Amino acid sequence: MAKITKRVVDTAETGTKDYVIWDDELPGFGLRVFASGKRSYVIQYRSRGRSRRYTIGLHGIWTPETARREAKAQLGRVAHGNDPAEEREKDQKALTIKQLCEQYITDMEAGLILGKGGRPKKDTTIATDVGRIRRHIIPLLGTRRVRDITKPDMNNLMKDIIAGKTRVTMKTEKLRGKAIVRGGRGTAIRTMGLLGGIFSFAVEAGVIEHNPTHGLRKPKYQVRDRRLSEAEYRVLGGILREAQESDHCRLHADILRLIALTGCRRGEIINLKWSEVDLEGSCLRLIDSKEGSSVRPVGLPVVEYLEDERKRRAGTYVFPGKGLDNAVGNFPQSWKKMFKDTPLWDVTPHVLRHSFASIANDLGFTEITIAALIGHAKGSVTSKYVHTLDSTLIMAADTVSGYVAALLEGVEFRRSTYTLDRQSRQGAIDSVLSRAKDSR
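As numbered in my numbering, residues 1 to 440 make up the sequence shown, in order.
To be clear, the hints were calculated from the coordinates, so they are not data collected in a lab.
Take the hints with a grain of salt, since some may be wrong.
[To be verified] Derived Cβ-Cβ restraints for the label pairs, each shown as a range:
| id | residue 1 | residue 2 | range |
| --- | --- | --- | --- |
| 1 | S431 | A314 | 34 to 42 Å |
| 2 | I61 | R144 | 21 to 29 Å |
| 3 | H210 | T11 | 45 to 53 Å |
| 4 | E280 | Q244 | 25 to 33 Å |
| 5 | T106 | R250 | 40 to 48 Å |
| 6 | D341 | E367 | 30 to 38 Å |
| 7 | H210 | K90 | 17 to 25 Å |
| 8 | D24 | V130 | 55 to 63 Å |
| 9 | D325 | T124 | 15 to 23 Å |
| 10 | G76 | H214 | 30 to 38 Å |
| 11 | H214 | A314 | 51 to 59 Å |
| 12 | R144 | T106 | 18 to 26 Å |
| 13 | H214 | A94 | 15 to 23 Å |
Small disclaimer: the values here were computed from a predicted structure and weren't measured.
The C-beta atom is built at its ideal place from N, Cα and C for all residues, glycine as well.
Put together the whole structure using the sequences plus the hints.
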């Protein structure tokens with residue numbers, strides 16, 4: 001035994017086996033000499049009846065003096081009941097962000113992670129979430145320990161995604177498929193929302209006590225307010241009529257037309273089944289919309305179109321794909337091709353949905369009525385026990401879809417707001433009363 005000094009460390013001879021030189025001034029402090037020639041500082045102590053050894057670090061990074069101070073500090077902690085070696089083992093085994101994300105994905109795919117309305121997340125949502133996890137969260141945070149993550153870390157992550165730090169082009173599982181990951185503001189907002197859910201999952205599992213995303217200031221969504229003008233509706237009508245003359249584009253053109261006439265989401269129309277079409281009730285009874293089951297009133301132009309198509313098409317789907325009994329595919333590529341090199345190059349199905357709601361607003365319908373027409377969460381008709389819709393909603397659907405259908409046919413209106421037009425209102429009342437008298 002000897003006091004461990006730089007001279008002792010430098011002159012310690014290597015052997016065929018590792019050995020320890022113990023300090024004679026600080027009991028439990030030692031220098032481990034490896035057969036390879038490396039040297040490290042250690043402490044030896046007993047905890048709960050077991051002999052434990054804790055490595056302070058390699059000589060060179062640590063000096064005899066700094067290692068001695070660290071040894072005193074750790075042995076002092078041992079005297080108060082702590083176990084530095086066990087704590088280090090736990091640190092090394094601590095859950096990383098990548099491991100937490102993989103657990104979350106496993107539970108999400110098993111239907112154990114609930115989304116809107118307390119329902120398991122849909123396959124499309126799961127695919128989107130997995131993409132954000134693997135393309136943004138894991139590349140930036142994957143190796144970090146969950147318990148070490150702080151709110152400043154979350155703020156830096158958000159800034160990195162906005163700045164495009166995760167921008168990359170990668171291959172997908174599809175033949176010649178690729179995914180272009182851009183990052184940006186919208187991606188950052190949605191990714192931080194997802195990460196908040198993942199950390200809540202960690203809190204519930206007892207991995208951490210607090211969610212580091214709570215209280216994080218996120219940028220506001222840039223509301224997409226693009227809508228079609230009446231002139232653009234007339235242009236759209238011409239594009240759709242031309243596309244309907246092509247066997248390759250006809251179905252996709254019909255889908256776009258139906259989105260324009262209903263304000264439905266594109267997935268709701270693409271995957272629409274005949275079993276969800278209620279022609280008698282003038283509505284679509286969607287089983288699995290974004291808001292769950294949803295009853296959507298549709299106007300007479302839509303009812304007449306679906307009546308005609310029902311006579312022509314068999315099968316499960318209103319817009320069937322080729323071969324197997326499935327929904328039509330390749331819709332995004334088709335509508336982009338239709339609008340390319342036209343004044344509507346920037347129009348998407350969402351723009352058609354937003355434009356439908358805007359037309360309804362122009363015609364004087366209330367926000368709650370519009371929400372019911374397009375299936376928005378704040379006013380959607382979701383009860384599966386609703387057998388007949390309020391006639392007000394049917395009349396609203398007739399009015400809006402009729403107006404849009406006329407625009408698509410090239411009609412020019414002098415005005416679009418009739419709410420306070422007494423002559424029009426009186427004409428509508430007289431028409432209803434006249435039909436009621438005739439039916440007696």
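Assuming the hint says 17 to 25 Å, is it satisfied by the Cβ distance from H210 to K90 or not? holds, 19 Å
T124 and D325 - C-beta distance against the hinted 15 to 23 Å: holds, 20 Å
Measuring from beta carbon to beta carbon, are H214 and A314 in 51 to 59 Å? For A314 against H214, whose Cβ atoms are near 53 Å apart, the range 51 to 59 Å holds.
For the pair R144 and T106, does the Cβ-Cβ distance stay inside 18 to 26 Å? Once the Cβ atoms are compared, 20 Å apart, the range 18 to 26 Å for T106 and R144 holds.
Satisfaction of the hinted span 15 to 23 Å by the C-beta atoms belonging to H214 and A94: holds, 21 Å
Using the beta carbons of D341 and E367, state whether their distance is inside 30 to 38 Å or not. About 37 Å separates the Cβ atoms of D341 and E367, which means 30 to 38 Å holds.
Taking the CB of E280 and the CB of Q244, does the distance hold inside 25 to 33 Å? holds, 27 Å
Would you say the C-beta atoms of T106 and R250 sit inside 40 to 48 Å of each other? holds, 43 Å
Holds or violated: the 21 to 29 Å window for the beta-carbon distance between I61 and R144? Given range 21 to 29 Å: holds, Cβ gap about 23 Å.
S431 versus A314 beta-carbon gap, inside 34 to 42 Å or not: For A314 against S431, whose Cβ atoms are near 38 Å apart, the range 34 to 42 Å holds.
Status of the given 55 to 63 Å range, CB of V130 versus CB of D24: Between D24 and V130, where Cβ atoms are some 59 Å apart, the hint holds.
Do the beta carbons of G76 and H214 sit within 30 to 38 Å of each other? Distance hint for G76, H214 holds at roughly 36 Å.
Hint violations for this structure: none, all hints satisfied.
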